[in-house]
Amino acid sequence: MLKNRQILFLIFLTGFLLITFFIQTFFIKKPKIFKSKASETANLILSSNKSSVSQGEDFTITVKVSPSANFAIQAYKVYLTFNRNDVLIKDSGITYLRGDPSTNLGAHDNTSITSINAGTGTATINLIGEIQSIAGLTLTANTAIPLVEVTFVARTNQRIEIGSTSQSKLIKINSDYTLTDLPLSVTSFVLNQPATPIPTPTQASGGVSLNLKLKFQGIMQPPARSNQRTMPVKIKVGGGNLTQPITVSANFSFTTNRNSDTNPYIWQGSVNLPPSVSPGNNYYLLVKGPKHIQKRICTNSPSETSPGSYRCFSGQIQLQSGVNNLDFSRIYLLAGDIPVSGGQDGVVNSLDTSYIRNNLGKTDSGVLAIADLNLDGKLDTQDWSLVIAALSVRADEE
Amino acid sequence: MENQKSNLLTGIKFFLLAAILILVSSAFIFILKEKNKELVVNQEAPSISPPQNIISANKTGFLTIGSVKNQYSPGQLIEMEIVANSAGSDITGYDLIVAYNPQVITFKEAQSLVDDFKIYPFDEKNYLSLTAIKDLKSQRETVFNKIGLVKLIFSAKTRGETEVIILPKLDKKETFFVDKNTQKIYPVLSSYKITIK
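Read top to bottom, the protein sequences are chains D and E.
Each residue of the first sequence is one higher than the one before, starting from 76 at the first, in my numbering.
Each residue of the second sequence is one higher than the one before, starting from 10 at the first, in my numbering.
Everything labelled a hint here was simulated from the structure, so no lab data went into it.
Keep in mind that a hint or two might mislead.
Said to hold, decoys possible - Cβ-Cβ distance ranges computed for the label pairs, FRET-style:
1) Val77/E x Arg386/D: 52 to 60 Å
2) Ser381/D x Pro177/E: 42 to 50 Å
3) Lys181/E x Thr337/D: 40 to 48 Å
4) Lys202/E x Glu472/D: 33 to 41 Å
5) Pro349/D x Gln120/E: 31 to 39 Å
6) Lys189/E x Asp256/D: 27 to 35 Å
7) Ile82/D x Glu118/E: 14 to 22 Å
8) Ala144/D x Ala27/E: 29 to 37 Å
9) Asp175/D x Lys155/E: 57 to 65 Å
10) Gly97/E x Asp175/D: 52 to 60 Å
11) Pro349/D x Lys155/E: 51 to 59 Å
12) Asn400/D x Glu133/E: 36 to 44 Å
We treat Cβ as the ideally placed atom computed from N, Cα and C, and that holds for glycine.
Bound-form chain E, shown alone:
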């Protein structure tokens, strides 16, 4: 009788301990997963040097251009990222003009960092004009909240300096976001200086 009672108590203790272990393990797994998510988010938005504002009057939101470093050697690929803030507006398309010195760097490629948008780049030799449109099937809201918007890849050509500038307007082309009410939004723009040594 006494022996049976002791066995029952041992059994209960065992199940309690097992339940606690499962709970602790689940919590551990959950925390690790969350941390992993944060890492991915941080990777999507690498740190970018503070931009120089070109035009700031009557503007909403911003577009900043930057790179992880500002010095490269000839032949190296230069990855630049444009970060966007649409100041709360739901965006359905945007246009960008990016000017650079074609004697110092050469444009290679533009990649959208936002899944819902497809980019149509046009290399005009000394500037890049880019139109991005939201996938017709995408119904989700796309508010740019300091997110990486576009990755521009250049290759360093010869020694020298160039400022990669997001221009507000050139010929008939302009830099703007378009919101879901088909209104143009003109953001504050920036530039980034690159040296090829």
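Isolated chain D (complex conformation):
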């Protein structure tokens, strides 16, 4: 027979196990798992105070970052490359605008210029800045913040390219004060770029032709590949004296012009309209890029306060005989309607998002021709972010 003491112990043990189970099941809340937000990205932007330079002339490259969301950074690491045969860093040419150079992490500053300039061929400048305050440096979504300036002296009158490497990154401060690396896009700035010839329309006497400037969402850098420097654009002309809209298409060429450093580059193209379009008033245009949502435009020089917000109803475009210069570069053509199955369907939907998701990281030309929205030569989270942003507009304007 078991002694009373042992029986009591067994009862206690059983009771303890059951009570533990019930407490665990009904009273202890399981910790919530917080998922991180959708991918945050940041663009590295290189701008210059000059677009062309002569031998011996200096120019300043400003390194900026433009994030997709608001967040703070503790540090940045930007690796700039240049060819020493083309340019050299000017004496005292490195200026950290935000943070201090972190020399223990290999940052270059003005004391490093002689060693960087020594030799020939490609050199890299390690621009590693550390923000000294605990709160870090707050970055605002879609706002370019200058980090560093580097002044160079040109050694040639020919093409000069200052680039960045894929190792460039931001050190982001998370909400729990941990740090995360955020890779920066690879980019470059080209000086003395040979101008892309813009075809000049030749129009029969009395005919109407258009010379258009367009701005496509997301193209913040010169296209990475030479075959990305022209884009076919569909233009529908309606209103005026037309009984029904007529459609024409034209190739638009990349230009190095833009309205500001934080604006996408401007593309330019020309087209002769058929004789049915006669000079007159009250026309409107429907403009659709090859990976973009169609935009209805009603005035000769439209503008908007926030990207993609321009809307119009009644056509007020005046077309004259001969060449009509229409500047649409102050409104965005939103990207997102990509030609997944050989053509666009007029809607930004899960087919477009899935194509980018399912081909993320690819660089082959077939995939890029369909979905490289920012023309940086790869399918990445920036293209994903652009198509997600376009979901707020969703369909072609008619």
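Given chain D's structure and the hints, the job is docking chain E onto it.
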């Protein structure tokens, strides 16, 4: 000596009994937990009345819409659930068009019932167009196997009848799943009649 032997036997019996009790308790706890899991799964997929198929030719999988009841009073919230079957395909996004009579019910909200998907609803006044995309970070396979996909919340407006219909196509928009090979999959669709009394 005899007394020591008896004590040893009693001790062994005690430990054996304790071990058996622990085993039985563990088994009990395990069974209860499993049962609890089943309850959660059942709650996620409430019973839905049999759907009426609208189009069934050349279709794969299905999307059925339903509610726990089909009669409501004006002012009441109507919770409808769309259940999906992707016939074994791993889905990375889907689009839906849901038509209804806006004079009888008003669209309030759409909630994804699958964690990995985020919904972008567009209320077009007499129909609802909805795009859902899979979280870029989610790498797990998402085969819809008769799971609750979306909860649609309407409010009952005035007395009358309306059929809430998942449409195959309207203007440029379509209802489809997209699989991991970026292929569109057109499922069999359904509708559900609601009466406001």
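Taking the hints in turn, this is what the structure says about them:
A hinted range of 52 to 60 Å for the beta carbons of Val77/E and Arg386/D is inconsistent with their spacing of about 41 Å. For the pair Ser381/D and Pro177/E, the supplied restraint of 42 to 50 Å is violated, since their beta-carbon distance comes to about 35 Å. Taking the beta carbon of each, Lys181/E and Thr337/D are about 33 Å apart, not inside 40 to 48 Å as hinted. Taking 33 to 41 Å as the suggested C-beta distance range, the pair Lys202/E and Glu472/D conforms, at roughly 35 Å.
Taken as a hint, the range 31 to 39 Å is violated for the pair Pro349/D and Gln120/E, whose Cβ atoms sit roughly 51 Å apart. About 28 Å separates the C-beta atoms of Lys189/E and Asp256/D, a value consistent with the hinted range of 27 to 35 Å. In this structure, Ile82/D and Glu118/E break the distance hint of 14 to 22 Å, their C-beta atoms being roughly 58 Å apart. Taking 29 to 37 Å as the suggested C-beta distance range, the pair Ala144/D and Ala27/E does not conform, at roughly 58 Å.
The hint said 57 to 65 Å for the Cβ distance between Asp175/D and Lys155/E, and at roughly 59 Å that hint holds. Remark: the range hint 52 to 60 Å for Gly97/E to Asp175/D is upheld by a beta-carbon distance near 57 Å. Range check, Pro349/D to Lys155/E: Cβ separation about 55 Å, and the 51 to 59 Å hint holds. At about 37 Å, the CB distance of Asn400/D to Glu133/E agrees with the hint of 36 to 44 Å.
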